[in-house]
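Student: Read off the chains here:
2 protein chains.
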Amino acid sequence: MTNKINITLSTTRKEKPNPSSLEFGRVFTDHMFVMDYSETKGWYDPRIVPYEPISLYPSTMVFHYGQTVFEGLKAYRTKEDKIFLFRPDKNFQRLNLSNDRLCIPHIDEEFAAEALKQLISIEKDWIPSAPGTSLYIRPFIIPTEYYLGVAPSKYYRFMIILSPVGSYYKEGIKPVKIYVEDNYVRAVKGGTGTAKTGANYAASLKAQENAEKNGYSQVLWLDGLEKKYIEEVGSMNIFFKINGEVVTPALNGSILEGVTRNSIIHLLKHWDIPVSEKRISMEEVYQAYKDGFLEEAFGTGTAAVISPIGEFFYNDEKMVLNNGETGELSKKLYDTLTGIQTGKHEDLFNWIVEVN
Amino acid sequence: MTNKINITLSTTRKEKPNPSSLEFGRVFTDHMFVMDYSETKGWYDPRIVPYEPISLYPSTMVFHYGQTVFEGLKAYRTKEDKIFLFRPDKNFQRLNLSNDRLCIPHIDEEFAAEALKQLISIEKDWIPSAPGTSLYIRPFIIPTEYYLGVAPSKYYRFMIILSPVGSYYKEGIKPVKIYVEDNYVRAVKGGTGTAKTGANYAASLKAQENAEKNGYSQVLWLDGLEKKYIEEVGSMNIFFKINGEVVTPALNGSILEGVTRNSIIHLLKHWDIPVSEKRISMEEVYQAYKDGFLEEAFGTGTAAVISPIGEFFYNDEKMVLNNGETGELSKKLYDTLTGIQTGKHEDLFNWIVEVN
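Line order of the protein sequences matches chains Z and G. Residues in the first sequence are numbered from 1 upward in steps of one, following my numbering. Residues in the second sequence are numbered from 1 upward in steps of one, following my numbering.
Just chain Z, same shape as in the assembly (with noise of 0.2 Å):
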């Protein structure tokens, strides 16, 4: 493959929108990065193109039988007006563990870094401000042969678009309710569970719509097995604190793993707080709650960062941390991200891509 990046720019650019009003991934800007894969070429023709529809046939495989893989990624802007990218690094090496999963050809990470970056040079001025909000980066592949075999794909896109998005929380970081799903299963270990594809948000949207029904804004999922064990809240890893310790989910075989996860287990070793990878059951949450020793939730995801958990509902049971307040640690943690993010924090780790 060529690396050079063919660049065609729109003859017109869209209105940006009112940073005020935000949302989550329903604007695009005005360009995207698209290349191409067959067999015999590779991944072929990279190039940067005016954001607009894609036509395939009815019969392509991206209709029919989910083999897609995505990521999802941020750029910022920071008070002196630079942009920074949050380890992008990690967002193409897991990119390419869940093309294996998926029987896709890996792309080459650092050309897909270096493309991003000439693309959101390219939209810097879609970069927004304001305080909370920013750039999200939706890499993706689908399977574009006309076949309704069941194979993996002899063609593949690959594409980044890029959406503005607003604070994710409107009035600062703010706890949420969320439901013990007993019923539903998100993955297995053999399943899909550790690559960031389709299948596995599909699987949620049931529980999901249930949750909501119910009056919680997302689902605690255990495992598909003995439906004991936890695994991940909505589509984010989850922490706890328990008597002064902190615990995750242990990467299991089902369990995504999250860029934002793998950077609060570093920060919380920087700070000597005791923190562990552990299969971890809700029956001992329960019991740590009722014994006052569970002293803080909080899920760990792209879009929220961190999102503090102020209730759960577990066998009829509301389950109340922490008054329904954010705490102390969850927001610490909060904090020292998104200010690494946005240039307010020391960048401790070399976690930080500055794009020029």
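Be a bit skeptical, because a hint or two may be false.
If we take Cβ atoms under 7 Å as the criterion, some of the chain G residues that face chain Z in the derived model are [unchecked claim]:
| # | residue |
| --- | --- |
| 1 | P50 |
| 2 | P53 |
| 3 | A202 |
Calculated directly from the structure, the hints in this document are not laboratory data. Glycine included, every Cβ here is placed at the ideal spot set by N, Cα and C.
Position chain G against the provided structure of chain Z, taking the given hints into account.
Tutor: Using the frame of chain Z, we list chain G on its own:
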């Protein structure tokens, strides 16, 4: 919704493929059925239009979260030049079951069947007549909202596309070799296994690839919890004949209820051949094999109808059935079912819907 289907005929007609060189799912007819859904309108604008690409923004949900469902059935041309559909009501019923699991609004089953008949009627010249050939029918639904949030789409498109297909067995019905998979998992109870959705097929690709590398054409799936109990074979249901009795895995919450599976159970009961749906472990099947009681095994599905199994690879051992030949019952079931589908055999259970 108005039930009037708008018809726009194509101004050109494609050349029909040579019946002797027909593959599966590569060639499509001149027209397709389409209708759209929005929360305010429900399903609207049902139409038959030329088969052509669809244009979607890269942010369209179908590219990201796998919220898709589909069906597969066939139209047959009889010797008397009649057009037969095989149990289409079952497929549209199942499509709505899949819709439930994926949070997609129900379609009107009767209207969908009527739309299919109108489409088939327009495309009737595309139905091949050579033995074993048919017109494969693919109804499917994709989410069409432009949104990156993880939530059920607010907009959908339902489509039916048609593909003339060749005989599954070029040289007549022929046994396949099956690899018993004990690493990867297709589905578990609480997951999406009972729905016909991309997730299950995406999850299957890696195991299928490994099986092929080892010289096996399909995978036998074991349960995701204990990796002991038999679920499906490839994308088919599975039956065993053990000491005169036919056994198939019970519908346990992770197996797809196949229309062919259901039809075979009907036929066996009609013939007074003992048949039971129950939990069956691979060890039981292996023991029956060792004891000389494993008489036949076969997969069942719309594509191959009956796919006799000549060999299992299990625990590093090859289990050869029936000297690798097609069993007597497999052959009889194949002949009877394909006979009913093509009008050569009496329609015992009122399964045939004729298209005029």
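Student: Hints first: check each against the structure and report whether it holds.
Tutor: Evaluation of the provided hints:
1. P50: violated (11 Å)
2. P53: The hint holds - G/P53 has a Cβ within 7 Å of chain Z, the shortest such distance being about 4 Å.
3. A202: Interface hint status for G/A202: holds (4 Å vs cutoff 7 Å).
Hint 1 alone, counting from the list given before, is not met by this structure.
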